[in-house]
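Chains as they are written, first to last, in this note's numbering: chain A, 645 to 753; chain B, 645 to 753; chain C, 645 to 753.
What the hints contain is simulated information worked out from the structure, not anything from laboratory work. Among the hints, a few may not be true.
For chains that are exact copies, the list does not tell them apart, and a pair is met inside one copy or across any two.
[Claimed, not checked] With a straight-line Cα cutoff of 20 Å, these simulated SDA-like cross-link-like pairs (lysine to any residue) come out:
1) K705 x L745
2) K655 x I692
3) K709 x Q752
4) K705 x A663
5) K709 x L664
6) K709 x I665
7) K673 x G684
8) K655 x F751
9) K709 x F753
10) K673 x L745
11) K673 x L647
12) K705 x V735
13) K705 x F751
14) K655 x Q752
15) K673 x E706
What follows is each chain in one-letter form.
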Amino acid sequence: MKLVIAIIQDKDSQRFSNALIRENIRATKLASTGGFLRSGNTTFFIGIEDERVEDVLTIIKENCKSREQLVSPISSLGGNADSYIPYPVEVQVGGATVFVLPIEQYFQF
Amino acid sequence: MKLVIAIIQDKDSQRFSNALIRENIRATKLASTGGFLRSGNTTFFIGIEDERVEDVLTIIKENCKSREQLVSPISSLGGNADSYIPYPVEVQVGGATVFVLPIEQYFQF
Amino acid sequence: MKLVIAIIQDKDSQRFSNALIRENIRATKLASTGGFLRSGNTTFFIGIEDERVEDVLTIIKENCKSREQLVSPISSLGGNADSYIPYPVEVQVGGATVFVLPIEQYFQF
Ligand code: NI
Ligand code: NI
Ligand code: NI
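Produce the complete structure using the sequences and hints provided.
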């Protein structure tokens, strides 16, 4: 068994959670903030058999990879024409920080 | 020293917390959700000497074991007589997921 | 890589957080309660290269050490003159509990 601790940006945490359920992998979720990732994120604790760690990592990569996204600037109603950016801008979204920890004992009571 | 991470269903977490205090075992609590356990649960971080890990596991078993409980169905006021279940039903309550992790260093500042 | 789990009393957590940012060390924060430390505290997860663990411990010691502080008692308006303590009292503030955990794998996606 390993304990996978995955810190997932809020934007991806619901999708990641759904993917775990589809694969019948149990996780415990804790609300967290900060770190590499922009403000809101969720910390997942996942106890998993050694031979399935790779599966968990694949699910994270498929659902939570950091990527750029085009965001349309909010239209500057009544704003200064000089400061108005008329084209969409790229922002970084998603991303995950993952620790795989050794476990000495694991119990389900 | 070990780090015991115990995920305890909300129904049992206060009782477990009290038991730890009686045994003079310190724990840090984090609000968590999901996993094996039904919705609300609490994640306890317990730093403990190797020779007391067994004590902590016993306290968890005594206070947080998954068990069945009879629940009386809510009376179906004005409901369809055909769909009314007139006898109590068994539901699973309690339960704990426990990880015992090795520690390389432990400090109290 | 190591995973440093630091449980920091609320009184010191903002200062600690700022110190980590100054040193360019990323941390994830989780709200927590109880333990050694008085009521509110914050649990920091810090993934860090082996050779910088000592730096993190130094930052914790410098910002979060348990110490005594003089606190003026709240004036007992209309209270019993016999029970009024007319001098400041020393209370314990700050403090940190720190676990350094081994990591088998670390990823940033
Ligand atoms: Ni294993
Ligand atoms: Ni030990
Ligand atoms: Ni290492």
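These are the hints, each one checked on the structure:
1. K705 x L745: For K705 and L745, only the intra-copy Cα distance (18 Å) is at most 20 Å; the inter-copy one is 24 Å.
2. K655 x I692: neither (24 Å within a copy, 25 Å between copies)
3. K709 x Q752: Between. Shortest inter-copy distance 9 Å satisfies the 20 Å Cα cut-off; intra-copy 31 Å does not.
4. K705 x A663: within (11 Å within a copy, 31 Å between copies)
5. K709 x L664: within (16 Å within a copy, 25 Å between copies)
6. K709 x I665: Within one copy only: 19 Å inside a chain, 24 Å across chains, cut-off 20 Å.
7. K673 x G684: The answer is both: 13 Å in one copy and 10 Å across copies each meet 20 Å.
8. K655 x F751: This pair counts as between: shortest inter-copy Cα distance 19 Å, intra-copy 32 Å.
9. K709 x F753: between (35 Å within a copy, 5 Å between copies)
10. K673 x L745: Both: 17 Å inside a chain and 19 Å across chains, each within 20 Å.
11. K673 x L647: This pair counts as both: shortest intra-copy Cα distance 13 Å, inter-copy 18 Å.
12. K705 x V735: Answer is within: at 19 Å inside a copy they meet the 20 Å cutoff, but 37 Å across does not.
13. K705 x F751: This pair counts as between: shortest inter-copy Cα distance 10 Å, intra-copy 28 Å.
14. K655 x Q752: So K655 and Q752 pass the 20 Å test across copies only (16 Å; inside, 31 Å).
15. K673 x E706: Within one copy only: 19 Å inside a chain, 25 Å across chains, cut-off 20 Å.
Hint 2 from the earlier list is the only one contradicted by this structure; the remaining hints agree with it.
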